[in-house]
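Mapping of the sequence shown onto my numbering: residues 963 to 1311, in sequence order.
Dumping the calculated DSS-like pairs for lysine-lysine here, alpha-carbon to alpha-carbon at most 25 Å: (1) K1285 x K1241; (2) K1030 x K1017; (3) K1024 x K1238.
Okay, the calculated beta carbon distance ranges per label pair: (4) Q1208 x R1306: 17 to 27 Å; (5) G1053 x R1306: 18 to 28 Å; (6) G1080 x P1284: 18 to 28 Å; (7) E1040 x Q981: 24 to 34 Å; (8) C1005 x T1154: 51 to 61 Å; (9) Q1179 x L1204: 12 to 22 Å; (10) F1223 x N1113: 39 to 49 Å.
No lab work stands behind these hints: they were computed from the structure. By construction, the Cβ of each residue, glycine as well, lies at the ideal position given by its N, Cα and C atoms.
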Amino acid sequence: MSSLSGKVQTVLGLVEPGQLGRTLTHEHLTMTFNCSYYPPAPCYEVISKEPIMMKNLFWIQKNPYSHKENLQLNQETEAIREELLDFKAKGGGALVENTTTGISRDVQTLKWLAEETGVHIISGAGFYVDATHSSDTRAMSVEQLTDVLINEILHGADGTSIKCGVIGEIGCSWPLTESERKVLQATAHAQTQLGCPVIIHPGRNRSAPFQIIRVLQEAGADISKTVMSHLDRTILDKKELLEFAQFGCYLEYDLFGTELFHYQFNPDIDMPNDNKRIKRVRLLVDEGYEDRILMAHDIHTKHRLTKYGGHGYSHIFTNIVPKMLLRGITEDALGKILIENPKRWLTFK
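Just need the whole structure built from these sequences, with the hints factored in.
Structure (structure tokens):
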């Protein structure tokens, strides 16, 4: 049994699971997203290089990945501190910070934010998608990758003594690459040794979550302590969603606040709005999966911060929860989704 058993590991150390309170399981507080930059059309090159301001904010909202400054969330530490204070004032207790190697994880800043705000912050170990893997990462064996993951949880990340409390978000592309497959296998092996929570970023294809779960299963992962992120943009068909739910992993709807007419990462996907997300959550509750649902915003760009007119980290509490109640999702179910499910997932076995 791990020395972490029965505890949750935050950037400030171990806490009792009952201390977390309402928890958002997929957010970013400091990161860069240069790996996902999409060059703008030539006619928009000038606007794409302007500072974020009112006159170009609508364009940035529609083309968030074509504005380089918008991808530098790590420049907004003070704004994030203020956001987290508001998050706490609105009833938030904890956030899982999903930034991993490849997108500028900064555990020292996370520790500072936790100290400044009193919000429990859980940092993620591991690697993002193949496009961010270094040559050293690609050259590692599964055993070496496993050692990296275990070290980031037991000893500290990025040359510090600040420890991660989950593995992930582990980035997967579509199709899955060989390097990503090795990282998934290493994730399963590390989870087996530590009894830790795992969270996955699937490729943007309806088959991706199914493939990933199979790879994890074959490597011995505990699927009951594994989260599949971004289901709101990945599995849109009801029948397929319910089929996937039978695997027993956590089902995460983590793009609340994202209302996109055009999804730059995959134009074939019609990104659902918040009303449709609520309907999907209601479907899963009605089908008996209320013990498996998690929610978040996945904020990873500047324009979604309240400083720039965005919804911020309190959107779920202030806007989504009241609407969910109107749509027949009970207080009991919401307590499971926002408190009990995250607590169970984040607790080491």
